[in-house]
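**Student:** Below, each chain spelled out in residue letters.
There are 2 protein chains.
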Amino acid sequence: MKGQYLDEQAYAAMLNQDLVLYEVYEIKRPESAGELMHGISIVHPGKVGDEYFMTKGHFHTVLDTAEVYYCLKGQGTMVMETPEGDWSVKELRPGCVLYVPPCWAHRSVNIGQQDLVTFFVYPGNAGHDYGTIEQQGFRKLVVERDGRAQVIDNPRWHAIER
Amino acid sequence: MKGQYLDEQAYAAMLNQDLVLYEVYEIKRPESAGELMHGISIVHPGKVGDEYFMTKGHFHTVLDTAEVYYCLKGQGTMVMETPEGDWSVKELRPGCVLYVPPCWAHRSVNIGQQDLVTFFVYPGNAGHDYGTIEQQGFRKLVVERDGRAQVIDNPRWHAIER
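Chains A and B, in that order, are what the protein sequence lines are.
Just so you know, the numbering used here puts 10 at position 24 of the first sequence, and the rest follows in order with no gaps.
Just so you know, the numbering used here puts 141 at position 155 of the second sequence, and the rest follows in order with no gaps.
Honestly, the hints are just simulated from the structure, not real lab data.
Heads up, a few of these hints could be off.
Which copy is meant is left open, because identical chains are indistinguishable; a pair holds if it fits in one copy or across any two.
Quick list of in silico lysine-lysine cross-link-like pairs, DSSO-like style, CA-CA up to 27 Å [as the list claims (entries may be wrong)]:
1) 33 x 126
2) 14 x 59
3) 59 x 76
4) 76 x 126
5) 76 x 42
Model the full structure from these sequences, guided by the hints.
**Tutor:** Take a look at the structure:
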């Protein structure tokens, strides 16, 4: 997650604490198009500086594959963007279904006080491209301002050659 | 559902009551492999004779595509079978994830006293083949015996040419 959080000093300080920010438990199936990978994602509550704990986020290696999330617990947002520059931040709350359409990178952010728990499903052949986000970051970040979640521009975002 | 329930007389009598046995609410997405159809299935509680209310059940038109169920409410079973003759009946209860592997026909059965509610996801290109089950039925049925759910052979099951 190095380079993803805005407050690099706060992030470096937390690294020494060996803190777990999120966990993913997945049922692995064969990596073919007709199969469905599925599992549970848990993002713990907390902040790095004033930025909420979040997942690394990823595109799928097979870019035009979707992902579905069903929120089981907690309060969060899904930060999404396309290679073309569209972006969207949607709410996650228990009972909510969130559809990440094909070609959208996605990252879940815990803006609540308890674990954010989601059930996810994506095509077996999708794969994960973490590298693009590692280098680019997401265009938008979710931070706490005056005790509330707010979406801000990521000043460090920059396009890489794809 | 004509021909699916064992007790045809009981089924005919219920038809006159215009009863809804189950409902499906789906988010329709483009029918391509990278998309994911998803929605909610509700099987109401009740019996036709001593056979529990159930869905019609289906193979996918693209046979080697999977489906994932997350059980939200109620108590049920998923009845499954392959064209080759394998069969399986698995439990559905709240918090349970049930994976229907590629090539398996599947039908959910409500063996409880309240609605059986599941969240389902399957590949956008899968399609539904209801015809095979309409003609063959499933190899196994779920009926109440001495107040409990029991799996029995379907005496009317017969293979059709595929």
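**Student:** Look at each hint and say if it fits the structure.
**Tutor:** Results of checking the hints against the structure:
In the homo-oligomer, the alpha carbons of residue 33 and residue 126 lie at most 27 Å apart inside one protomer (16 Å), although the nearest pairing across protomers, at 52 Å, exceeds that limit. Taking identical chains as interchangeable, the C-alpha atoms of residue 14 and residue 59 lie at most 27 Å apart whether they share a chain (23 Å) or sit on different chains (25 Å). Taking the shortest alpha-carbon separations for residue 59 and residue 76, both the intra-copy value of 16 Å and the inter-copy value of 26 Å come in at or below 27 Å. In the homo-oligomer, the alpha carbons of residue 76 and residue 126 lie at most 27 Å apart inside one protomer (12 Å), although the nearest pairing across protomers, at 43 Å, exceeds that limit.
For the homomeric pair residue 76 and residue 42, the shortest alpha-carbon distance inside one copy (17 Å) is at most 27 Å, but the shortest distance between copies (35 Å) is not.
Going down the numbered hints, you'll see the structure goes against none, and every one checks out.
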